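As they're listed, the protein sequences go chains A and B.
Per our numbering: the first sequence = residues 1319 to 1532.
Per our numbering: the second sequence = residues 4 to 202.
Just so you know, these hints were derived from the structure itself, not from any lab.
Bear in mind that the values here come from a model prediction, so they are computed numbers and not experimental data.
Treat the hints with care, as some may be off.
To be verified - Derived list of chain A stretches under chain B, where covered just means 3 residues or more per stretch with a C-beta under 8 Å from a C-beta of chain B:
(1) 1331 to 1344
(2) 1371 to 1378
(3) 1419 to 1433
(4) 1444 to 1454
(5) 1483 to 1489
(6) 1497 to 1508
(7) 1511 to 1525
C-beta atoms are modelled at their ideal positions from N, C-alpha and C, and glycine is treated no differently.
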Amino acid sequence: MKLENENDLDNFIICHKCFTLHEEVAIADGSKACCRKCGYILYRYDSKLIDYGLALSFTGLIFFIIANFFPVLKIDILGSEQFITIPKTIFSLFENQFYIVGLICLFFIFIFPLMIFLINIMIFSMLKLQRGTKLTKELLIILSHIIPWSMADIFFISILVALVKLISFGQIHIGISFWALMVFVLIDIYITKNIHISEIWMLRKKVLLSKDKD
Amino acid sequence: MIEVDESKLIRCPICDAVNIDKGKKNRCRRCDSAIYHHRNFSTEKSWAYLITAMIAYIPANLYPMLVSNAFGIRDESTIIGGVVILWEHGSYPIAAIIFFASIIIPVMKFLILLYLLISVKYPLGKDKKVNKHKLYYVTEVVGPWSMIDVFVVAILAALIHLSSVEILAGTAATAFAISVFFTLLAAHAFDERLIKENR
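Use the sequences and the hints to build the structure in full.
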């Protein structure tokens, strides 16, 4: 294999799942390229990725804020009503001296999901404004470090499991946050699974680095 | 013009950029992060995390996960105990989910990581057609799901704390959370390139 210089390697991509080397080809708007060996999606091309990304990140952030301010579940036990919000779940762990579990929960279900959305908003708005070559790089590196640790989706499934366990205790009411969290999790899954980090890097190269040369 | 051997190309674990393997001092040309710098002790970090996780998994199964106080009657249940109770009460899907998340997934992860770590050092299962990349990918995807039990306990403990009826998290919750945390670290620290070299 012969290359002009090292940066020509940008035209290649290695499959995330099976490590097969592929050469990147131009594909139609809105379509995706799959690995020839295992079928895993390598990259997509979407000319409106910045706008979609920005819109989804803002929507997700709004739902995340709603999900944190209202009760997730309410329960009537023995005539008294109890409710939980997401921050209250984490704080009650600290109150009961479960500091390690509390910290893990605080980071996995609150700080990291929030950071992902804030960073996404910053990256996409900077790409939109065509500036911040250095900052987007730093943000993208942080982003790829925290994505595997964000567990909002798992927390949502945990709520469902907890619901079943709670049936014998009393009357359960589902709060506003539950639905907000559901929407948030769906957006979160869509963003982390559908917008690969390598696509944002490619976009950054196209938008920011080509501008620097002019 | 430079000549590059295709098998010398590696993927940056941070930004997915394709890089030329230059041996010890690999730095990604795009994001400038180190690509598995620790060549001389390539698997040791992963081993250390994995052993920590396996040690933490023992108290996680022995101590109670959930302590419930109902009208003065104290009831403690371990992870397995919780699954059995749920099964007896007839909530089979939930019992299955908890069983999968807290028993099958962690144990499977331990075994797969052990196998991968051993097989990159010694030619184990080389003739058999085991797709190690796929195994690694599976552990990475299903790994975080074992946190379900910890989150459930956190929710129950936060929701039910009356003077007469109370649910508390048990010692096992901490041990289990630590165990899962370290298996995740072990999986991330594992050098995917080693699979390729040993194939």
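Right, here's what the structure says about each hint:
no.: 1; hint: 1331 to 1344; result: holds (count 7)
no.: 2; hint: 1371 to 1378; result: violated (count 0)
no.: 3; hint: 1419 to 1433; result: holds (count 5)
no.: 4; hint: 1444 to 1454; result: violated (count 0)
no.: 5; hint: 1483 to 1489; result: holds (count 4)
no.: 6; hint: 1497 to 1508; result: violated (count 0)
no.: 7; hint: 1511 to 1525; result: holds (count 4)
Hint violations for this structure: numbers 2, 4 and 6, all remaining hints satisfied.
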